[in-house]
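Q: If you want the building blocks of each chain, they are given just below.
Protein chains: 2
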Amino acid sequence: MLIIAERINAARKRMAAAFAARDAAALQDEARRQAQAGADYIDVNAALSPDAEYDLMAWAVDAVRAATDKPLAVDSANPAAVRAGLQRLPRGSAILNSISGEESRLAAMLPLAAEFQARVIALAMDDSGMPATAADRWRALGKILAATDRAGIPRDRILIDPLVRPVATSPEQAAECLRMIREIRERAGGAGAVVGLSNISFGLPSRRHLNRTFLAMAAAAGLSAAICDPLEPELMAAVLAARCLTGTDAFCMNYILAQRAGKL
Amino acid sequence: MLIIAERINAARKRMAAAFAARDAAALQDEARRQAQAGADYIDVNAALSPDAEYDLMAWAVDAVRAATDKPLAVDSANPAAVRAGLQRLPRGSAILNSISGEESRLAAMLPLAAEFQARVIALAMDDSGMPATAADRWRALGKILAATDRAGIPRDRILIDPLVRPVATSPEQAAECLRMIREIRERAGGAGAVVGLSNISFGLPSRRHLNRTFLAMAAAAGLSAAICDPLEPELMAAVLAARCLTGTDAFCMNYILAQRAGKL
Chain A
807 MLIIAERINA
817 ARKRMAAAFA
827 ARDAAALQDE
837 ARRQAQAGAD
847 YIDVNAALSP
857 DAEYDLMAWA
867 VDAVRAATDK
877 PLAVDSANPA
887 AVRAGLQRLP
897 RGSAILNSIS
907 GEESRLAAML
917 PLAAEFQARV
927 IALAMDDSGM
937 PATAADRWRA
947 LGKILAATDR
957 AGIPRDRILI
967 DPLVRPVATS
977 PEQAAECLRM
987 IREIRERAGG
997 AGAVVGLSNI
1007 SFGLPSRRHL
1017 NRTFLAMAAA
1027 AGLSAAICDP
1037 LEPELMAAVL
1047 AARCLTGTDA
1057 FCMNYILAQR
1067 AGKL
Chain B
807 MLIIAERINA
817 ARKRMAAAFA
827 ARDAAALQDE
837 ARRQAQAGAD
847 YIDVNAALSP
857 DAEYDLMAWA
867 VDAVRAATDK
877 PLAVDSANPA
887 AVRAGLQRLP
897 RGSAILNSIS
907 GEESRLAAML
917 PLAAEFQARV
927 IALAMDDSGM
937 PATAADRWRA
947 LGKILAATDR
957 AGIPRDRILI
967 DPLVRPVATS
977 PEQAAECLRM
987 IREIRERAGG
997 AGAVVGLSNI
1007 SFGLPSRRHL
1017 NRTFLAMAAA
1027 AGLSAAICDP
1037 LEPELMAAVL
1047 AARCLTGTDA
1057 FCMNYILAQR
1067 AGKL
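Protein chains in written order, with the working numbering: chain A, 807 to 1070; chain B, 807 to 1070.
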């Protein structure tokens, strides 16, 4: 399971200030700490304001690349900002976060994914809005996967996000999401599943327990990647434990080494 | 998911000393703390030595009952000790922990389960020893469930233990165990699944992360009960979170109340 580290996001208060002040050191500090904590990708979201996003994405990607060797996830709904990010990164290294089945977004984003050989996060929704059932999700995915196939993007470069809904308001959706993760593994031709983890606990107190418990459940269902905060030590302990329990940490060696390094 | 609290066990050093000294206060302290932490059943294992087990079980059950209103799990492979425990408890309240498909154990234990209307933990093994595959487990269960049916024990009074193997030495067995939990829910006619949780982490450091991560996975697979240590606060937080995520904590009210009580 890959960890896509979410902290460099202009929607966070401290990061908004850093973006506004062009404080590269603040972004670089977040990038280094997330990499050190076990991030596999560093997500960069520069959507401080629609006007500034293109320039801020270009600036932020350059800043983060100067601080870490980890690959980046270029996180934007704005095709121009996505291009600004992807064109600064080694071809084939980045994740494009994200596309959906909305026609306009598909048309604008898929050529970029193909041109820069990016992995692609695909949200399981279309122009009809947030999905409620597996059938809704598969309808949107049918459209998306037909389009990615036409654009020549291999299925194993696609991470499908079933769209996690808050358990506080949609209690049945946690199980629905886990079912979708299993179905994606079985039916999406080699595409993986990804979740934006913290959505599950939105609106509840002590969110960290809910986040890491759901992460464990999703890992057992076959999750390929999670967008989350690797600076939560107990969450990363759950990630390391989940890798043992899903058979992706041979002889539990990474777990044992993490314990020796004082990380558990 | 029910929590069967495991700390009153003569195999633990501190408890062995308490059993040997007939220190009722030590057992009662463990019983009260486990009940307070959220135990649904208090397990009592008095197997200090084969000769003394009958007397110690009788003594321990009386001691624990004087300290808590929680129901008990009478934990022994010795039918006489099981009888000593069950006959001191309200009919229909206790768990008999455990039976297996071993012929001699079935013959001795099932009449006790029927007489005292106990819930029964059934280990998915028979005279051929520890199971490796789901087929091995179902072969043993076929024998056990035929016998419990003949003894008139309703399926919904049975908790099947698929027998968790340590992930350190049997990495594929974690997934196998989760698959068995799902199959038990689908194929065992209303019986539930239970695990002895800490077996999963045997032989590894920092076991608590593995235990609670596996608990989350097992909960999502449909686990009915776990034998575990409720005095591990992060484990109980995972239990509370898992109840939200599996839809058994309506409106997450127990989770929210636990947070307000400072338990999360």
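If you're looking for bench data, these hints aren't it; they were derived computationally from the structure. Please note that the accuracy of each hint is not assured.
Put simply, identical chains are the same to the list, so a pair is met inside one copy or across any two.
[Unchecked claim] Pairs of lysine to any residue residues, derived as SDA-like cross-links and limited to a Cα-Cα distance of at most 20 Å, are as follows: (1) Lys819 to Glu921; (2) Lys1069 to Pro1011; (3) Lys1069 to Ala974; (4) Lys1069 to Glu1038.
Q: Confirm or reject each hint.
A: Each hint tested on the structure:
1. Taking the closest pair of Cα atoms, lysine 819 and glutamate 921 never come within 20 Å of each other, the shortest separation being 33 Å inside a single copy and 65 Å across copies.
2. Proximity of lysine 1069 and proline 1011 under a CA criterion of 20 Å is satisfied inter-copy only: 12 Å between copies versus 25 Å inside one chain copy.
3. With identical chains, the CA atoms of lysine 1069 and alanine 974 are at most 20 Å apart between copies only, with a shortest distance of 19 Å across copies and 31 Å within one.
4. For the homomeric pair lysine 1069 and glutamate 1038, the shortest alpha-carbon distances inside one copy (11 Å) and between copies (19 Å) are both at most 20 Å.
Comparing the model with each numbered hint stated earlier shows that hint 1 is the single one that does not hold.
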